[in-house]
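**Q** Spelled out, the chains give:
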Amino acid sequence: MKKILTSLLSLGLAASAALAADAPVNAVKVSDDLSAITADSALWSKAKFSTVTLYPQAAVQMNDKKANEANSGDKAKKAEVAALHNGKTLALMVKWADGTKSVQGGYSSDTYSDGFAVQFAGATKKAGPLPYIGMGSDGRPVVVHLQKATASVYEPNGNKDVSTQINRQQTGIFGDELKAYDAKVASLAKTDYERVFVAEGFRSLTEIKDGSVASVAGMTYNTNGWSGTLARPLNDSYMKATGTVPVAIAVWDGEKMGRNGLKNLSSWVAVNLEGMKVDSKIVAEATEEAKGNVEKGKAAVDANGCAGCHQITKSDAQSFMGPSLSNVGGYSTVAYLRESIVKPSAVVVPGYNRNAHSNTPWYTIEKGKRVSAMTDFSFLDKKTVDDIVAYLKTLKAEVE
Amino acid sequence: MSKRQLAMVMDLNKCIGCQTCTVACKTQWTNRNGREYMYWNNVETYPGTGYPKNWMELGGGFDAAGDLQPGIIPNLEADYGVPWDYNYESLMGGMSDSNHFHPHVSPTWGPNWDEDQGAGAFPQDNYFFYLPRICNHCTNPGCLSACPRDAIFKREEDGVVLVDLDRCQGYRYCIAGCPYKKIYFNPKISKSEKCILCFPRIEQGLPPACAQQCVGRIRFVGFLDDEESQVYKLVHKYKVALGLRSDYGTQPNVYYIPPTESPAKFDAEGKIIEGSTRLPVEELEKLFGPAVHDSIKTLKAEMKKRKETGVSELMDLLIAYQHSDMFRLDNNYYQQVARENKRNPLAPVDTRYIAGKFTKAGGHH
Chain A
26 MKKILTSLLS LGLAASAALA ADAPVNAVKV SDDLSAITAD SALWSKAKFS TVTLYPQAAV
86 QMNDKKANEA NSGDKAKKAE VAALHNGKTL ALMVKWADGT KSVQGGYSSD TYSDGFAVQF
146 AGATKKAGPL PYIGMGSDGR PVVVHLQKAT ASVYEPNGNK DVSTQINRQQ TGIFGDELKA
206 YDAKVASLAK TDYERVFVAE GFRSLTEIKD GSVASVAGMT YNTNGWSGTL ARPLNDSYMK
266 ATGTVPVAIA VWDGEKMGRN GLKNLSSWVA VNLEGMKVDS KIVAEATEEA KGNVEKGKAA
326 VDANGCAGCH QITKSDAQSF MGPSLSNVGG YSTVAYLRES IVKPSAVVVP GYNRNAHSNT
386 PWYTIEKGKR VSAMTDFSFL DKKTVDDIVA YLKTLKAEVE
Chain B
2 MSKRQLAMVM DLNKCIGCQT CTVACKTQWT NRNGREYMYW NNVETYPGTG YPKNWMELGG
62 GFDAAGDLQP GIIPNLEADY GVPWDYNYES LMGGMSDSNH FHPHVSPTWG PNWDEDQGAG
122 AFPQDNYFFY LPRICNHCTN PGCLSACPRD AIFKREEDGV VLVDLDRCQG YRYCIAGCPY
182 KKIYFNPKIS KSEKCILCFP RIEQGLPPAC AQQCVGRIRF VGFLDDEESQ VYKLVHKYKV
242 ALGLRSDYGT QPNVYYIPPT ESPAKFDAEG KIIEGSTRLP VEELEKLFGP AVHDSIKTLK
302 AEMKKRKETG VSELMDLLIA YQHSDMFRLD NNYYQQVARE NKRNPLAPVD TRYIAGKFTK
362 AGGHH
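In order, the protein sequence lines correspond to chains A and B. Each residue of the first sequence is one higher than the one before, starting from 26 at the first, in my numbering. Each residue of the second sequence is one higher than the one before, starting from 2 at the first, in my numbering.
Next up, chain A with everything else stripped away, as it sits in the complex (with noise of 0.2 Å):
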């Protein structure tokens, strides 16, 4: 506890408001049910809104040329995120200005929808900081609650229906009969693209698909932009919700190509509840603010040769090895910042794409764990390391 008392006490100290983390978010208590809350209830006239800054993924880039092309600009996004609570559970709205309203459908092979997922930390005893955000860890599992504004989207598969998997023209039925097979069809689609995966390292992510997790998700397009909300219990068999639940918010854009890691995501949110008791541990750990000395940790940086395996900011070469740094400090916290350095292994992250280069794996496998391609720089000292982690946490893109 004195620790974290210290922690929080240096905040004010290094902290300047450009490089201040989001505040956390409180989540109002109502006594109503929120369990299948839509973004037009009037129960979130109660909520408050506060702001989440949403950083454009830069650690790992993809092989798709006219998608990278159109997410050159690397410019964050400001994001209004509010909560509701009623004990049980939490509802979240998170709303996003995006002029181009881009729904997945039709007979089409390269357009994309756009979408929001909310990330939770999942339940876990094993110590250390929050998980990584997008992916976990080993033991340090995440939940990820994804929403995608896309059309009808038929699956024959899930459903192992086969006898309608057939063209309306190859039935050899007309008339009333045809009429009646397409709408046996189109009952069939899933108009709903809302999915929960829960993921404990990176190519771990897998979707819940045997109804384990009560969860609702929707989006309404508004004039300028999009609202989503989610509603999840405060505690299910992959989450123990305390006075503070920590979050993540993702939001991607379709008109940009945006999918899977083409997103803007956040750092860790402090989502606290009223009525409960807050969890400073994870409020400080939302919220740390880096201590050291930007100057000494960017000599640091060069020092320890990290840009031979990091692309550091966006001007440097793209480098295949690690994953690109230049806007870890965004989406990081500190406490992640510290970690990776001193316990690289500790969450192991594909640099620019793993099989880019078969010469140079990400990680090997010893006794059944991934060990990091990365060097442990667990032999810096101390303030060595908080002078680095200052100098991360200033990379990060400009707001649009």
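Because the hints were derived from the structure by calculation, they are not lab data. Predicted model only: the values in this text are computed from it and were never measured. Glycine is no exception: its CB is placed at the ideal position from the N, C-alpha and C atoms. Any given hint could be a false lead.
[To be verified] Reference excerpt, derived from the structure (chain A facing chain B, CB under 7 Å, subset only):
#1 Asn88
#2 Lys91
#3 Tyr179
#4 Gln190
#5 Ile191
#6 Asn192
#7 Phe199
#8 Arg284
#9 Lys407
#10 Val410
[As the list claims (entries may be wrong)] In the DSS-like style, the derived pairs of lysine-lysine whose C-alpha atoms are separated by at most 30 Å in a straight line are:
#11 A:Lys339 / A:Lys407
#12 B:Lys308 / B:Lys240
#13 A:Lys103 / A:Lys265
#14 A:Lys91 / A:Lys71
#15 B:Lys155 / A:Lys394
#16 A:Lys392 / B:Lys155
#17 A:Lys407 / A:Lys394
#18 A:Lys120 / A:Lys54
#19 B:Lys287 / A:Lys234
#20 B:Lys4 / A:Lys392
#21 A:Lys234 / A:Lys394
#22 B:Lys240 / B:Lys155
#23 B:Lys155 / A:Lys91
#24 B:Lys4 / A:Lys394
#25 A:Lys323 / A:Lys265
#26 A:Lys150 / A:Lys392
#27 B:Lys301 / B:Lys238
#28 B:Lys238 / A:Lys392
#29 A:Lys90 / B:Lys15
#30 B:Lys155 / A:Lys234
#31 A:Lys73 / A:Lys90
#32 B:Lys287 / B:Lys238
#33 A:Lys126 / A:Lys339
#34 A:Lys90 / B:Lys155
#35 A:Lys321 / A:Lys368
#36 B:Lys343 / A:Lys394
#37 B:Lys287 / A:Lys91
#38 A:Lys392 / A:Lys151
#39 A:Lys73 / A:Lys126
Fit chain B to the given chain A structure using the hints.
**A** Chain B in isolation, oriented as in the chain A frame:
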């Protein structure tokens, strides 16, 4: 790399461009359920735009250093072509000026839009040949490397490259990563799909539909490590069958006997120029690499030998007398693999990836 690798060899000297393979594949797999525009098997005219349009210029594959190259995802309408259909139902009431037989879209592009055009000046030196293409089931697949979800896998038992439709989230990086553009996005289910080398048939000892139906009998199928198989003899023993665009670095497992026979050119008076050949060897070198010269040399030498002595194993092999020789598959092998992996030997569908590794079944307990 898989333990064993199935391979196909296609003899381009014998392909007549009849599209029977295309139709066999389409009726078997791709005439329904969002796959209508896909041709897991297509036969294109070379030189030509190919399918999808200009696929050789759309990136993907690896450079010499082993780096995956960025690629472009083709547009359905402009690059693949929208599969059009007709107004069959409205014709039930009889045809009239306002109700005539017409496609539901005005087609602007489609596979084989430039069929049989080829290159050169008619009639002096025009030329073309047919290039049938399926997924190459590469040893180092670009699609697999590109997938950030590990939703593409290469089977240990035969090297067949498959999409795990349960894991696939429709990101389409695989399409950018495949230099052959032989993996497609299914807009109806929002997932990627591709040639599966007819693995449910293969596992029962039957060749893929395209190979079985080929009227020119140009396709040979077997395991590359089976020295009795004709694919082994063509690829490794005689070294006459070569991968398509091996320079993309994916190590393709569909091999081609390059077209060695083409007519002579005509001079301005329409007379045959003796000793000339219409098919520029540079084009073949572009497709099949520098080894094409040795391949052509061997083929010509064996042809000559056959003419003179009546004996040539290679020529006998390429004549393709018996399906039983052309296709060396072994359903006992697959049943053994299934038993070793505790899978149902009679169930063809690969079920390995269906259950989510991290899903906690049932929830509250």
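**Q** For every hint, state whether the structure bears it out.
**A** Taking the hints in turn, this is what the structure says about them:
no.: 1; hint: Asn88; in the structure: 5 Å, holds
no.: 2; hint: Lys91; in the structure: 6 Å, holds
no.: 3; hint: Tyr179; in the structure: 5 Å, holds
no.: 4; hint: Gln190; in the structure: 4 Å, holds
no.: 5; hint: Ile191; in the structure: 5 Å, holds
no.: 6; hint: Asn192; in the structure: 5 Å, holds
no.: 7; hint: Phe199; in the structure: 6 Å, holds
no.: 8; hint: Arg284; in the structure: 5 Å, holds
no.: 9; hint: Lys407; in the structure: 35 Å, violated
no.: 10; hint: Val410; in the structure: 30 Å, violated
no.: 11; hint: A:Lys339 / A:Lys407; in the structure: 28 Å, holds
no.: 12; hint: B:Lys308 / B:Lys240; in the structure: 21 Å, holds
no.: 13; hint: A:Lys103 / A:Lys265; in the structure: 28 Å, holds
no.: 14; hint: A:Lys91 / A:Lys71; in the structure: 43 Å, violated
no.: 15; hint: B:Lys155 / A:Lys394; in the structure: 23 Å, holds
no.: 16; hint: A:Lys392 / B:Lys155; in the structure: 25 Å, holds
no.: 17; hint: A:Lys407 / A:Lys394; in the structure: 27 Å, holds
no.: 18; hint: A:Lys120 / A:Lys54; in the structure: 20 Å, holds
no.: 19; hint: B:Lys287 / A:Lys234; in the structure: 48 Å, violated
no.: 20; hint: B:Lys4 / A:Lys392; in the structure: 24 Å, holds
no.: 21; hint: A:Lys234 / A:Lys394; in the structure: 27 Å, holds
no.: 22; hint: B:Lys240 / B:Lys155; in the structure: 25 Å, holds
no.: 23; hint: B:Lys155 / A:Lys91; in the structure: 28 Å, holds
no.: 24; hint: B:Lys4 / A:Lys394; in the structure: 25 Å, holds
no.: 25; hint: A:Lys323 / A:Lys265; in the structure: 39 Å, violated
no.: 26; hint: A:Lys150 / A:Lys392; in the structure: 21 Å, holds
no.: 27; hint: B:Lys301 / B:Lys238; in the structure: 16 Å, holds
no.: 28; hint: B:Lys238 / A:Lys392; in the structure: 42 Å, violated
no.: 29; hint: A:Lys90 / B:Lys15; in the structure: 38 Å, violated
no.: 30; hint: B:Lys155 / A:Lys234; in the structure: 25 Å, holds
no.: 31; hint: A:Lys73 / A:Lys90; in the structure: 40 Å, violated
no.: 32; hint: B:Lys287 / B:Lys238; in the structure: 23 Å, holds
no.: 33; hint: A:Lys126 / A:Lys339; in the structure: 28 Å, holds
no.: 34; hint: A:Lys90 / B:Lys155; in the structure: 25 Å, holds
no.: 35; hint: A:Lys321 / A:Lys368; in the structure: 21 Å, holds
no.: 36; hint: B:Lys343 / A:Lys394; in the structure: 26 Å, holds
no.: 37; hint: B:Lys287 / A:Lys91; in the structure: 26 Å, holds
no.: 38; hint: A:Lys392 / A:Lys151; in the structure: 19 Å, holds
no.: 39; hint: A:Lys73 / A:Lys126; in the structure: 26 Å, holds
Comparing the model with each earlier hint shows violations of hints 9, 10, 14, 19, 25, 28, 29, 31; every other hint is respected.
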